[in-house]
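Engineer: Here's the letter readout for the chains.
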Amino acid sequence: MNDRDGYDAADLRDSAPGEELPGHGEPASGILGYALGFGLAVLLTTASFYVAGSQLIWGPSIPVLLVVLAIAQMGVHLAFFLHITTSPDNTNNVLALAFGALVIFLIIFGSVWIMAHLGHHQMTPAVMMQHMR
Amino acid sequence: MSAAAPSDGRRRGASEADDPYRLGRHNGGGRDETSGHGSGGPASKHIIVGYGFWIFLLSDIVLFSAFFAAYAVLAGETAGGPSGRDLFDLRNVAIETALLLTSSFTCGLASIASRRRDATWTQIWLLVTGVLGAGFVLLEMREFVVMIGMRAGPSRSAFLSSFFALVGCHGLHVSVGLLWLGTMMAQLWVKSFRPAIQRRLLCFSLFWHTLDIIWVGLFTIVYLLGAGR
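Sequences listed follow chains A and B, in order.
Residues in the first sequence are numbered from 1 upward in steps of one, following our numbering.
Residues in the second sequence are numbered from 1 upward in steps of one, following our numbering.
With the rest of the complex left out, here is chain A (with noise of 0.2 Å):
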């Protein structure tokens, strides 16, 4: 068998990451993916501007929904931009995603855990000075 390339000649085994085929766990193809992806973000994106200056919420918990709105968004993203499906001509883009989310998860909490208590143990330079005399 040639080398099978190409769109349309579509291999049923894998899918390559932003790729699309029709049929396979999408949950809308063509143009009207693209289009309720894109409807969706515009959506979440003004959520999260409106959020960020409004009174209606209270105010620590801003953050907590920013956070949330972000990470529905970058879902929709990789659901309807980058055709990451559950399908199982997707298994290893989902596994890769999966290893990459774990990853980034230990890098930004990890540091901001570790410099957190860092801080909180560091002596402020009065104290140290009471110490060192």
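No lab work stands behind these hints, which were simulated from the structure alone.
Beta carbons: idealized from backbone N, C-alpha and C, even for Gly.
Be aware that one or more of the hints could be misleading.
What the hints assert, rightly or not - To give an idea of the chain B side of the interface with chain A (calculated C-beta under 10 Å), a few residues:
no., residue
1, Gly50
2, Phe53
3, Gly217
As the list claims (entries may be wrong) - Restraint ranges, calculated between C-beta atoms of paired labels, are given here:
no., chain 1, residue 1, chain 2, residue 2, range
4, B, Leu179, A, Met132, 50 to 58 Å
5, A, Leu56, B, Gly182, 40 to 48 Å
6, A, Leu56, B, Gly52, 45 to 53 Å
7, A, Leu118, B, Ile124, 51 to 59 Å
8, B, Ala94, A, Leu32, 23 to 31 Å
9, A, Met129, B, Gly52, 51 to 59 Å
10, B, Leu127, A, Gly30, 15 to 23 Å
11, A, Leu36, B, Ile124, 16 to 24 Å
12, A, Val112, B, Ser175, 27 to 35 Å
13, A, Phe99, B, Ile197, 24 to 32 Å
14, A, Ala101, B, Ile124, 34 to 42 Å
15, A, Tyr50, B, Ile124, 26 to 34 Å
16, B, Trp121, A, Leu95, 32 to 40 Å
17, A, Met132, B, Ser175, 35 to 43 Å
Since the structure of chain A is provided, determine the placement of chain B on it from the hints.
Structural biologist: Same frame as chain A, now just chain B:
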């Protein structure tokens, strides 16, 4: 009943053939008798290239996560200088976001047109993507220039160093993406839809959509949370 049984059997056979990880080659009627045996490969070059580029993009996001971590740790260290609340102009950020998000959408339209082998519309949507991306880069550069003019350059405080590193790294990616976009339009113009060109278009659209995903994290963590800080 007797008529229903064979059609039912055919349907099951077809669905098993569609399942790439089914075990055994029994009851096949399938197109791929080798799947589940580790002998169905190799996958087509299109898929291997796309997957390899996906791995690169994930490692690029890991790089960004290190910049994000540095920013998260240093965001409060303003050294008596201006903080995000003083510096960030959310209207500007909203326009930048709109430009990049729309360019991601038009990039998707370009990849749909390229699947139809429609060179004209592919070029048009790529051009629109490039113009929107260039607008984004210009707005971001203007923001940087204004901030540096206000004596809030990267050397002012740890907060500003990490801010310029993170946002500048994203802006650099978008700029490189614009260069790539220009060369893709030229290649498409000269060589039309060869398989190699299609693979590069796939990689480019992956790159562009990923930059938008990173921007989502960026405007949330840096600008929206920073302006309220």
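Engineer: Compare the structure with each hint and give your call.
Structural biologist: Evaluation of the provided hints:
no. : hint                             : verdict
1   : Gly50                            : holds, 3 Å
2   : Phe53                            : holds, 8 Å
3   : Gly217                           : holds, 6 Å
4   : B/Leu179 to A/Met132: 50 to 58 Å : holds, 55 Å
5   : A/Leu56 to B/Gly182: 40 to 48 Å  : holds, 44 Å
6   : A/Leu56 to B/Gly52: 45 to 53 Å   : holds, 46 Å
7   : A/Leu118 to B/Ile124: 51 to 59 Å : holds, 53 Å
8   : B/Ala94 to A/Leu32: 23 to 31 Å   : holds, 27 Å
9   : A/Met129 to B/Gly52: 51 to 59 Å  : holds, 57 Å
10  : B/Leu127 to A/Gly30: 15 to 23 Å  : holds, 21 Å
11  : A/Leu36 to B/Ile124: 16 to 24 Å  : holds, 22 Å
12  : A/Val112 to B/Ser175: 27 to 35 Å : holds, 29 Å
13  : A/Phe99 to B/Ile197: 24 to 32 Å  : holds, 30 Å
14  : A/Ala101 to B/Ile124: 34 to 42 Å : holds, 35 Å
15  : A/Tyr50 to B/Ile124: 26 to 34 Å  : holds, 33 Å
16  : B/Trp121 to A/Leu95: 32 to 40 Å  : holds, 35 Å
17  : A/Met132 to B/Ser175: 35 to 43 Å : violated, 50 Å
When each numbered hint is compared with the structure, a violation occurs for hint 17 only.
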